[in-house]
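Peer 1: Work out the full structure: start from the sequences and follow the hints.
These protein sequences, in sequence, are chains A and B.
Every position in the first sequence, counted from 1, becomes a number in this note's numbering once 112 is added.
Every position in the second sequence, counted from 1, becomes a number in this note's numbering once 46 is added.
In short, the hints are calculated from the structure, not lab data.
For glycine and all other residues, C-beta sits at the position ideal for the given N, C-alpha and C.
Hints are supplied without guarantee of correctness; some may be wrong.
Stated by the list, open to error - Chain A is faced by these chain B residues, among others (derived, beta-carbon under 10 Å): (1) V60; (2) Y209; (3) A213; (4) A214; (5) T215; (6) R222; (7) T223; (8) V227; (9) P230; (10) A237; (11) A283; (12) S287.
Said to hold, decoys possible - Calculated Cβ distances over 12 Å to all of chain B for the following chain A residues: (13) D118; (14) T120; (15) H155; (16) K181; (17) T191; (18) L248; (19) G444; (20) Y461.
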Amino acid sequence: MSLKADITLTRGLLQLGIELSAQPGQIVAVLGPNGSGKTTLLHTLAGLIRCRQGRIQVAGALWDCPAEKVWMAPEHRRTGLVLADHLLFPHLSVVDNVAFGPRSRGVPRAGARSRARAELVALGLGGRLEDRPRELSSGQAQRVALARALATDPALLLLDEPLSALDPTTRAQTRADLGVRLRAFDGITILVTHDPLDALSLADQLVFIDAGRLVQQGTPREVIARPRDPYVAHVVGLNFLRGERIDGRQVDVAGTTVVAPEVPPVAAVCVTIAPSAVALYQARPHGSPRNTWPVTVSDILLIGQTARVSLTGPFALVAEVTTAAVADLQLGVGQDLWATVKATEVHVYPA
Amino acid sequence: MARSPRWARAGLLVPAWVAIAVLLVPLLALLLRADWAGMPAQLAKPSVVPALRLSLLTTSATLVICALVGTPLAWLLARSTHRVTPWLRALVTVPLVLPPVVGGVALLMAYGREGVVGSTLLEVAGWSIPFTPVAVVFAETFVALPFYVLAVEGSMQGLDPRYDGLAATLGASPWRTFRTVVVPMVAPGIASGAALAWARALGEFGATITFAGNFPGRTQTAPLAVYVALESDPQAAIALSLVMLLISVLVLGALRGRWLR
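Peer 2: Now the structure itself:
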């Protein structure tokens, strides 16, 4: 039941070239900026778009391989698709929406409806079976859409930003329901999202793509520890710098020396600094850590008790400080400050 | 906002009222000249009943044909991205602008006894289509089908194409998607297309008289009967006209909400 895909295609300005593999039961989150090819990748797996080159193999069956002139129509693939809009069929009841898949695959009416009922009960929708889609809340409709995709026992469950159209409260609850249901699902889930929380809380593999190319992949733990791309670092909330090794303790980042506890013996390195490790001062601190840089505030964003302060200086940084610190320093955009980072808070690894 | 003086708006109001008069005066005249008391007797006349019955039968057959072949055509036109599609769509609209008499001549050239298809049909099967009720249906379908296809295609283009893709991932073949997703979801568009096509078929005159002739009881539809009766029996013509006016108003009422706002 494993997935092995190697997809090359051109669509408008996008040049997609991605290799992807997954094992049964895995939840793979695909992240990337808008227009990076996430949805195109999903549609290609579903068979709504054809590869120009490469091959898609699922559970031993070849779905798409232009070189061997193999192409399986979407209705013959074992996929389930959920989009940001639920796209329930408005003329069918909830239970008939979910039974549509089994019915289309030749299951008799009674069997299809009982399967649909079981799927809906599992998602807490047992009381809405005969309702029309328009009578449901957005969160309920999205859960029905999930039930509809799962009712055909897909080998590949394709979720395209399934939570992005929901309001924040509904999103949290639906994310939790989705997590529970996905862990019981024994096929492969491909989850396209741009919300880091979706990816980190639901997925066990993360795949980052940008401009149609794979940028980084790994478990959430690996990716958080060692992002290799500014976008990845942004998603996991770290300051990310590229630099060159000077010696075992120092890295040259854009002409400025950054001191770390340890620098691996390779020329090109990545540097990450947690925003909470960046301290801000109005005057240059005395006897200070060796990582001290003059910076200018470019933006301040308050989130609860903390503030994310965007800084320009020798390189761009984000500092996370308490709202009390914002008041004490009387922070404002355009203000000149000093930023310090303890050497022990600087993490350096091969690029 | 202050209203402009009445004389300043006269430049718009006068032509607007003229337009309304152009449309309304003839219809009012029809109502004024009708012999309301004698109406039941007029409608029971032997020239009236068969014409109405034939019109009802042929327009119903036309509607069925439009739905059976026009709906799939509308769907293919709505979703095709092929480069011949725009040309095909233009072709479908030709009978819409063609003078109906020309349509009748064209039908004769195709299905007449000497016609391109008709001569073979006569030779092989012994069928002759012109001047039969079947010819009436041919003529009506020729003029009504474009109305149906264009109206239905318009509403199908408004259907979010992601529904097609989604139905496919659920295992639905293109035919099943068409039948169980597309048709139910564009049902209002199909209803208004059917109403338009039916009204057009009911009023068909030129192509019918050219291709099917004017034989009472066989190919004389209600509009042909009105035309013939006007010479000999004006009150019967008025009675038939009023029946068709009533039907048109009913069709318009069925389209209300879509076209009337």
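Peer 1: The structure should be examined with respect to each hint, and the outcome stated for every one.
Peer 2: Verification of the hints:
1. V60: With a closest approach of 47 Å, the V60 (chain B) hint is violated.
2. Y209: 6 Å, holds
3. A213: 7 Å, holds
4. A214: Holds - the Cβ of A214 (chain B) comes within 10 Å of chain A, reaching about 4 Å at its closest.
5. T215: Result: holds, 4 Å to nearest chain A Cβ.
6. R222: Cβ of R222 (chain B) sits 6 Å from chain A, so the hint holds.
7. T223: 8 Å, holds
8. V227: 6 Å, holds
9. P230: 4 Å, holds
10. A237: 14 Å, violated
11. A283: 45 Å, violated
12. S287: 40 Å, violated
13. D118: 21 Å, holds
14. T120: 21 Å, holds
15. H155: 7 Å, violated
16. K181: 21 Å, holds
17. T191: 5 Å, violated
18. L248: Given that every Cβ of chain B is farther than 12 Å from that of L248 (chain A), nearest at about 17 Å, it holds.
19. G444: About 46 Å separates G444 (chain A) from the closest Cβ of chain B, which puts it past 12 Å; holds.
20. Y461: 41 Å, holds
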